[in-house]
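Protein chains in written order, with my numbering: chain A, 1 to 219; chain B, 1001 to 1389; chain C, 2001 to 2119.
The set of hints was computed from the structure by calculation and includes no laboratory data.
Quick reminder that beta carbons are idealized off the backbone N, C-alpha and C, glycines included.
Each hint should be verified, as a subset may be incorrect.
Claimed, not checked - Beyond 10 Å from chain C on every Cβ pair, some chain A residues (computed): (1) Val8; (2) Phe26; (3) Tyr37; (4) Gly48; (5) Ile72; (6) Glu77; (7) Met83; (8) Lys108; (9) Leu133; (10) Trp145; (11) Pro150; (12) His161; (13) Phe162; (14) Ala173; (15) Val217.
What the hints assert, rightly or not - Calculated lysine to aspartate or glutamate pairs in the DMTMM-like style (CA-CA distance at most 25 Å, straight line): (16) Lys2049(C) to Asp1356(B); (17) Lys1272(B) to Glu2103(C); (18) Lys2060(C) to Asp2078(C); (19) Lys1046(B) to Asp2045(C).
What follows is each chain in one-letter form.
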Amino acid sequence: MSEINGKVLKHGEQTRTMHWMHMITFILLALTGIGFYFDIGFIGGIFGGEANASLVHRWAGVVFTVGPALYILLNFERFARFMDTIATFTKDDFGWLKTMGGYIPFLKGDVPPQDKYNAGQKMLGHLIIIGCLLMILTGFPMWLWRGVLPAAFLAFCYNIHFWVAVILILAIAGHFFLAAIHPKSRVEFASMMMDGYIDAEISAHHNEKWFNSLQEVKE
Amino acid sequence: MSTATLADTGIIQITKACKACDHCTSVCPTGAVKGLLGQKHSIDYKTCINCGQCLINCPFGAIIDTSSVEQVKQALNDSGKTVIVQEAPAVRVALGEEFGMPVGTNVKGKMHAALRKLGFDKVYDTEFAADLTIMEEGTELIHRVFKLAGVAGYEDRGPLPQFTSCCPAWIKYAEDKYPAILPHLSSAKSPQQMFGAIAKTYAANKQGVNPADMVSVSVMPCTAKKYECDRPEMKASGFQDVDYVITTRELATIIKDAGIDFVNLPDEEADKLIGTSTGAATIFGVTGGVMEAALRTAYEILSGESLNKVEFTAVRGMQPVREATVEIPIKDLGINLPVNVCIVTGTKYVDKVIEDVLAGRSKYHFIEVMNCPGGCINGGGQPIRHEMY
Amino acid sequence: MSIFKEKSVFTRRQFLIGSGMLAATVVITGIFAKLGFDAYAVSDDYIEKRAAGLYNLDEKMAIRKSHENSEILQIYKDFLSPGEVSPVSEKAHHLLHTKYGKEIPAMIEELHAHQHDAA
């Protein structure tokens, strides 16, 4: 592959803002949620007591819900493209899964060219959308209708909320490790968390199919 | 005599398993559950009326009631004690649920058989005392009506409207929050306490049992009954009238622990003497039941006529506050009295009714109050139903 | 040095998939709401079933009025109001009636006095 000199705009401004907002509220929600579930007084203490931690949890939940909802409404085209990308699974994606994108040392083989998101990221995308929807659908009833809903339904919501939280926290931990720590892919961090740009060379290597669809803008 | 009564410690406790979901605060009729959403909850024993609604509605089973199961088992194993038992009407349509039977199955006969198998010396029935309650409370109501009508000889009777006094949670609520309403409460004890007082006097005497060796156990759909039997004034027989109260849930546990095949037990009758009951007593367990039973008796006694149709369907239903008017011809006075009755189920809804009475605006003659929504059948001691469909 | 950007093409397929996802969200929310409403609707059914159990039992009883209970008549004649059926007798008042609130301490005193009399 020849040398490509340049930068690729991977994530727009609103996307990055939304990602930041979602990340901060997710951390708050996860932290307070862990505090409630395991009854850790220390975590409640950070927020000034259990009752306040619960308030933080609830209002962070509102931002966690409204933020992406607004983003989707304001950037429907971007959302639709994202959905199209992650909903498309070709044999290249299965090829990525077979070699796990080359992340696992003993899985040898060539990694096929990928879209804007590789097969792993696509799966994470689905997981987060479905997981967040479930968290929202179980969370708000437990807050707003805790007095009228029958006990059995509240317990049902509570259990779903807990298990989905466990899955999401593990998934996000993996996401953070690959996007911010792992030497092969940590350059992604600067792109999503800072200016949105990524080195063209890296993009051409990691997301070859997507890179080939881009247009060059002379500066 | 016991030193600390259950009034000081309360019947209902919230354990550490509390998830601070705050569901119980909306169930509690008195606001006795403390703690905001997110804060582990606790119960203020001063205002708690021991009804146990929070217990049966906790999504996490984190609320428990104090238990006398061990004492009952000890008494059953003690050959020197005569252990007698009474069971409330609401128990017989719920106990079967704990053994996988459909909701509402009547297991009266099996329940009596199971209690005999467990070793109770005499298996009586609270329904007998419910009939006794109707006699006393109904007569009291008639006397209060006579007082209102200006009949000589009834000047010292209490005021109208008369409130029922069968529900210990409601009694504690009235004592705690509306002391001014207490003269309106029927002075009749609840069926459980009437039964206890009769068992250790009349029944003990007839059977030739020393009441000191008698252990009186009561199976109730109710957690507040545990508090009621422990009230210091409930010693009319010279002993604690009712020694131990166990709930429907606890009875089911005892039956299971004893390895009794409950579902296949034959039906048995309660023991005679203080074990026979009527349909009027049976419906005590459902909201409006005390009212209906009282109307059946009051109508026949006041009018001197026999009722063709004993059902007063106007007082039935599940709405929290219901009212009805029943025309009763009073033979002695030669008038037709429209008796206005009111039925409240759920202490949350009683405040307005009480305030009307205290302000003199109330048109009612007789008001039934049951703390639990639906009556005793949905009491705090009943099997917990947590299935969704 | 060059800058690369995505072409602003919006295909029919992308639009359909995006809208489909929103529709799926609405459907999932609807299913969940239905679960909740159904659970709410049946949450009190058991109370009515237990009530029906008691009313059915009442209908099956041979005697359905308290003042016709033979044992009740017997206890009044034998014990509470000897020789007649007269509720709120003195004995009934002592055993079957109580007091509330502030009147309780006096009532307990009375009970003690009564016990001494008996003894």
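Here is how each hint holds up against the structure:
1. Val8: Answer for valine 8(A): violated, closest chain C Cβ roughly 4 Å.
2. Phe26: Fine: 19 Å to the nearest Cβ keeps phenylalanine 26(A) off the interface.
3. Tyr37: Holds: least Cβ distance 22 Å, greater than 10 Å.
4. Gly48: holds, 32 Å
5. Ile72: violated, 7 Å
6. Glu77: violated, 5 Å
7. Met83: Per Cβ check, methionine 83(A) is inside 10 Å of chain C; nearest 5 Å; violated.
8. Lys108: holds, 31 Å
9. Leu133: violated, 6 Å
10. Trp145: At about 8 Å from chain C, tryptophan 145(A) fails to clear the 10 Å cut-off, so the statement is violated.
11. Pro150: violated, 4 Å
12. His161: Consistent with the label, histidine 161(A) stays out of reach of chain C, its closest Cβ about 12 Å off (over 10 Å).
13. Phe162: holds, 16 Å
14. Ala173: holds, 25 Å
15. Val217: The claim is violated: valine 217(A) sits with its nearest Cβ about 5 Å from chain C, within 10 Å.
16. Lys2049(C) to Asp1356(B): violated, 33 Å
17. Lys1272(B) to Glu2103(C): Roughly 36 Å separates the two Cα atoms, so the pair is violated.
18. Lys2060(C) to Asp2078(C): Given pair lysine 2060(C), aspartate 2078(C) is violated - Cα atoms ~29 Å apart, limit 25 Å.
19. Lys1046(B) to Asp2045(C): violated, 33 Å
In this structure, the earlier hints numbered 1, 5, 6, 7, 9, 10, 11, 15, 16, 17, 18 and 19 are contradicted, and the remaining ones agree with it.
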